[in-house]
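Trainee: Given the coordinates of chain V, work out where chain C should sit on it, guided by the hints.
These are the residues of each chain, in order.
Protein chains: 2
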Amino acid sequence: MKESFFQVVSVAEFTKLLATFPKAPVQERELSAAFGMSLAETITSRDDLPQAHRSSVDGYAVRAADTFGASESNPAYLDLAFAVEIQNPSDISLEPGHCAKITTGGCLPPEADAVVMVEQTQELGSDTIEIRKSLSPWDNVMLRGEDVQAGENVLAPGTRLDGARIGLLAALGYSRVLVHRHVTLGIISTGDEVVGIDEPVRPGLVRDVNSHTLSALAVAAGAKALRLGLVEDNLEALTAALKRGLEDCDVVIISGGSSVGTRDHTLEAMQSIPGSRILAHGIAMSPGKPTILAAAADKAVLGLPGQVASAQVVMQVLVMPFLAHLGGHERPFAIGPTASVPAKLNRNVASRQGRTDFIRVSLEQDAQNQLWATPVLGKSGLLKTLLQAHGLMEIPENQEGMTAGSQVMIRPLI
Amino acid sequence: MKESFFQVVSVAEFTKLLATFPKAPVQERELSAAFGMSLAETITSRDDLPQAHRSSVDGYAVRAADTFGASESNPAYLDLAFAVEIQNPSDISLEPGHCAKITTGGCLPPEADAVVMVEQTQELGSDTIEIRKSLSPWDNVMLRGEDVQAGENVLAPGTRLDGARIGLLAALGYSRVLVHRHVTLGIISTGDEVVGIDEPVRPGLVRDVNSHTLSALAVAAGAKALRLGLVEDNLEALTAALKRGLEDCDVVIISGGSSVGTRDHTLEAMQSIPGSRILAHGIAMSPGKPTILAAAADKAVLGLPGQVASAQVVMQVLVMPFLAHLGGHERPFAIGPTASVPAKLNRNVASRQGRTDFIRVSLEQDAQNQLWATPVLGKSGLLKTLLQAHGLMEIPENQEGMTAGSQVMIRPLI
Numbered sequence: 001m002k003e004s005f006f007q008v009v010s011v012a013e014f015t016k017l018l019a020t021f022p023k024a025p026v027q028e029r030e031l032s033a034a035f036g037m038s039l040a041e042t043i044t045s046r047d048d049l050p051q052a053h054r055s056s057v058d059g060y061a062v063r064a065a066d067t068f069g070a071s072e073s074n075p076a077y078l079d080l081a082f083a084v085e086i087q088n089p090s091d092i093s094l095e096p097g098h099c100a101k102i103t104t105g106g107c108l109p110p111e112a113d114a115v116v117m118v119e120q121t122q123e124l125g126s127d128t129i130e131i132r133k134s135l136s137p138w139d140n141v142m143l144r145g146e147d148v149q150a151g152e153n154v155l156a157p158g159t160r161l162d163g164a165r166i167g168l169l170a171a172l173g174y175s176r177v178l179v180h181r182h183v184t185l186g187i188i189s190t191g192d193e194v195v196g197i198d199e200p201v202r203p204g205l206v207r208d209v210n211s212h213t214l215s216a217l218a219v220a221a222g223a224k225a226l227r228l229g230l231v232e233d234n235l236e237a238l239t240a241a242l243k244r245g246l247e248d249c250d251v252v253i254i255s256g257g258s259s260v261g262t263r264d265h266t267l268e269a270m271q272s273i274p275g276s277r278i279l280a281h282g283i284a285m286s287p288g289k290p291t292i293l294a295a296a297a298d299k300a301v302l303g304l305p306g307q308v309a310s311a312q313v314v315m316q317v318l319v320m321p322f323l324a325h326l327g328g329h330e331r332p333f334a335i336g337p338t339a340s341v342p343a344k345l346n347r348n349v350a351s352r353q354g355r356t357d358f359i360r361v362s363l364e365q366d367a368q369n370q371l372w373a374t375p376v377l378g379k380s381g382l383l384k385t386l387l388q389a390h391g392l393m394e395i396p397e398n399q400e401g402m403t404a405g406s407q408v409m410i411r412p413l414i
Numbered sequence: 001m002k003e004s005f006f007q008v009v010s011v012a013e014f015t016k017l018l019a020t021f022p023k024a025p026v027q028e029r030e031l032s033a034a035f036g037m038s039l040a041e042t043i044t045s046r047d048d049l050p051q052a053h054r055s056s057v058d059g060y061a062v063r064a065a066d067t068f069g070a071s072e073s074n075p076a077y078l079d080l081a082f083a084v085e086i087q088n089p090s091d092i093s094l095e096p097g098h099c100a101k102i103t104t105g106g107c108l109p110p111e112a113d114a115v116v117m118v119e120q121t122q123e124l125g126s127d128t129i130e131i132r133k134s135l136s137p138w139d140n141v142m143l144r145g146e147d148v149q150a151g152e153n154v155l156a157p158g159t160r161l162d163g164a165r166i167g168l169l170a171a172l173g174y175s176r177v178l179v180h181r182h183v184t185l186g187i188i189s190t191g192d193e194v195v196g197i198d199e200p201v202r203p204g205l206v207r208d209v210n211s212h213t214l215s216a217l218a219v220a221a222g223a224k225a226l227r228l229g230l231v232e233d234n235l236e237a238l239t240a241a242l243k244r245g246l247e248d249c250d251v252v253i254i255s256g257g258s259s260v261g262t263r264d265h266t267l268e269a270m271q272s273i274p275g276s277r278i279l280a281h282g283i284a285m286s287p288g289k290p291t292i293l294a295a296a297a298d299k300a301v302l303g304l305p306g307q308v309a310s311a312q313v314v315m316q317v318l319v320m321p322f323l324a325h326l327g328g329h330e331r332p333f334a335i336g337p338t339a340s341v342p343a344k345l346n347r348n349v350a351s352r353q354g355r356t357d358f359i360r361v362s363l364e365q366d367a368q369n370q371l372w373a374t375p376v377l378g379k380s381g382l383l384k385t386l387l388q389a390h391g392l393m394e395i396p397e398n399q400e401g402m403t404a405g406s407q408v409m410i411r412p413l414i
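Sequences listed follow chains V and C, in order. Sequential numbering of the first sequence, starting at 1, is according to my numbering. Sequential numbering of the second sequence, starting at 1, is according to my numbering.
Pulled out of the complex, with its shape left as it was, chain V reads as follows:
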């Protein structure tokens, strides 16, 4: 057993340590099975998108100059030359004074440079169309290459494939893409007082809440969760479970009970893996201080606090972004503009300097669309505080609390 030492790090330092672990291997996947995953290649367009000038409305393709000055009171009159079949673009040029019927998505015939919406026209019979709108060139037209030009790099490695990006890949003909494969998180539960959720309890015993919550949140982070069972709280059993977990998983969490003995065994089990290193023993955050991070070869082992609310906060604030990092996401620890919600704090909240506080808050929206954040009071060990909260407010370590009326960013609880 190696020497134990106590190394409390800041949230920022802990995040930097997490970012050093290598991303998951790359695999080729069908596009339809790649939603939410992170690209592992640069996507280059082979074609212009659209491939030709296309109408963005139903109406009539025209030469814009033929409509100049047209209005409700002074319409222009054009001859209907032909109708554009959507899948078979016309190669007949549009003559001056003529128009061609066209539907949304149809390709403009040669010499046409605008489309007038059907609502701004009238069919007058004898193939005469009344145009009640003056158009500028390229009105209601998606230009060839306006979305993407052939040869353009459109998506970079690390891009998370959301709905719009899956659509772009489909449009470009990428039916298979290289992505980082799913990350598997193994969860070991331990603790003298922890019993399975099917077990009866009596005072002194608690059911194994954390492995269920943590595996649900792992799935929400795009990973796979493997519950490795409730392991007896002694060094041999924990070490054996950890070794097995490291064979099958990319990351292993030991979700401990809260006794000091359990915390010691967690640390010792990590240290007993050959070549392992303890990277952090404690984080300067509340809740979540008794979190441990170790590296076993190039895999991470995390010891999470046994307290349910603490475990969930550490999971959401640190482990879920870490899983996204392993899954290949480009900036997993940055909080994008839609991943947190701005709100005004409605009372003063105290905090200790030198520690990052994550305060559970409920949110209420007033008639002016202003969100107000109210700290959820109650002992940190209670489940109730999580159930009543909508999100987490972060108070950075260099701040001594927040004053009422402050504009704050709230991360929704998942």
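Note that these hints are calculated values from the structure, not bench results. It cannot be assumed that every hint is accurate.
For chains that are exact copies, the list does not tell them apart, and a pair is met inside one copy or across any two.
[As the list claims (entries may be wrong)] Think about it this way: if two alpha-carbon atoms lie no more than 30 Å apart in a straight line, the pair counts; the simulated DSS-like pairs of lysine-lysine are:
1) Lys344 x Lys289
2) Lys101 x Lys289
3) Lys23 x Lys224
4) Lys101 x Lys133
5) Lys224 x Lys133
6) Lys16 x Lys133
7) Lys133 x Lys289
8) Lys243 x Lys224
9) Lys299 x Lys16
10) Lys16 x Lys224
11) Lys133 x Lys379
12) Lys101 x Lys379
13) Lys379 x Lys344
14) Lys344 x Lys133
15) Lys243 x Lys101
These numbers were taken from a predicted model, which means no experiment stands behind them.
Mentor: Coordinates of chain C only, in the frame set by chain V:
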């Protein structure tokens, strides 16, 4: 074929129509497989939670009265009587002037009514503990039943099972729960100009973007997606595909091309299902106007616009909440405080009265944690507008646009 008619409804009316479809059947599931699903039963607690007074810190259980007036400069001194084993609560009462060592989660011995944190104490040897803090009764104690009381109804049918609620169910010993089963959305692609994403394209042809985007978003909404293939654009083929889809799926979307012919065939295929009714033919919204809703027995059939950006907006704003409704969610069409992000609009946006507009916006955060929404300009048919946007801003039908500086709510794009 039944008579065709054109019935444009408002977004609110369309939502009401969607809400009339019955929820998915109920099934029993393992708790670990129920994350994100909606409860179909009332959950009642069988026990108090916690089952006994428990410590929320590491330290010493005391009689609070023994610490009254204690401080850094004037500590109290107590005799260490015993240590509480976390899984085996002590039945020995704590005598006045004594304390008991306890860890987080440990049960208080009889007569103890507070816990002093270990950081506010000092072991002096000879089993004397120095207490440097005056405690009030029940300081650092989670009271028996403080989270949940035996017999209390803790979760109602329709509750979405997030991380905290999965945790609560585990704590209460619910290893299996009744939930509404997953909803299956079938997606038929059609359109003369639409080809598979593996196919080469030439001007006039486009790849089948929508079935990939829509199935990804269905999965994000907690449903299962079944792509029913690219079906020839004629009434017989479409009707046959729709009939098959209605056998295997809870909802079927026909994602059409944008030609008028395709739109007609979609409507006719819906009408050719025996007993079907067209509920809405057009929604007063932009984009998304050419959306069709029909009921075939108790299943919904939706015709979505062929235009990629329009289809994605209709999917996110209407179909994803509809899938949540079918999946048993209690208030699927209400937008909770964390499902949209308040921002200030940084320019005027025009809108037409009598129509709900969904404007794509990008978001930027300033140094004061204020989010600013900028409308993404560009023709609605372009993919680019979706790629550049972070979310959708809704302009209600009774408003003629929004002025710069308005406080608006933005729904993040998924």
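Trainee: Decide, hint by hint, whether the structure agrees.
Mentor: Hints and how they fare:
1. Within a single copy, Lys344 and Lys289 get their C-alpha atoms as close as 27 Å, which meets the 30 Å cut-off; across copies the closest is 37 Å, which misses it.
2. Taking identical chains as interchangeable, the C-alpha atoms of Lys101 and Lys289 lie at most 30 Å apart only when they sit on different chains, with a minimum of 21 Å there against 69 Å within one chain.
3. For the homomeric pair Lys23 and Lys224, the shortest alpha-carbon distances inside one copy (15 Å) and between copies (28 Å) are both at most 30 Å.
4. In this assembly of identical chains, Lys101 and Lys133 lie within 30 Å of each other by CA distance solely inside one copy; the values are 16 Å within and 85 Å between copies.
5. Taking CA atoms no more than 30 Å apart as the test, Lys224 paired with Lys133 passes in neither setting, with 57 Å inside one copy and 46 Å between copies.
6. In this homomeric assembly, Lys16 and Lys133 never come within 30 Å of each other (Cα to Cα): the closest approach is 59 Å inside a single copy and 37 Å across copies.
7. In this homomeric assembly, Lys133 and Lys289 come within 30 Å of each other (Cα to Cα) only across copies, at 22 Å, whereas the closest approach inside a single copy is 67 Å.
8. When the C-alpha separation of Lys243 and Lys224 is checked against a cutoff of 30 Å, the pair qualifies only within one copy, where the shortest distance is 19 Å, while the shortest distance between copies is 36 Å.
9. In this assembly of identical chains, Lys299 and Lys16 lie within 30 Å of each other by CA distance solely inside one copy; the values are 15 Å within and 51 Å between copies.
10. In this assembly of identical chains, the alpha carbons of Lys16 and Lys224 lie at most 30 Å apart only when taken from the same copy (23 Å versus 37 Å across copies).
11. Taking the shortest alpha-carbon separations for Lys133 and Lys379, only the inter-copy value of 18 Å comes in at or below 30 Å, while the best intra-copy value is 67 Å.
12. In the homo-oligomer, the alpha carbons of Lys101 and Lys379 lie at most 30 Å apart only across protomers (20 Å), although the nearest pairing inside one protomer, at 70 Å, exceeds that limit.
13. In the homo-oligomer, the alpha carbons of Lys379 and Lys344 lie at most 30 Å apart inside one protomer (23 Å), although the nearest pairing across protomers, at 36 Å, exceeds that limit.
14. Taking the shortest Cα distances, Lys344 and Lys133 never come within 30 Å of each other, neither inside one copy (48 Å) nor across copies (34 Å).
15. With identical chains, the CA atoms of Lys243 and Lys101 are never at most 30 Å apart, being 70 Å at best within one copy and 33 Å at best between copies.
Checked against the numbered hints above, the structure breaks hints 5, 6, 14, 15 and satisfies the rest.
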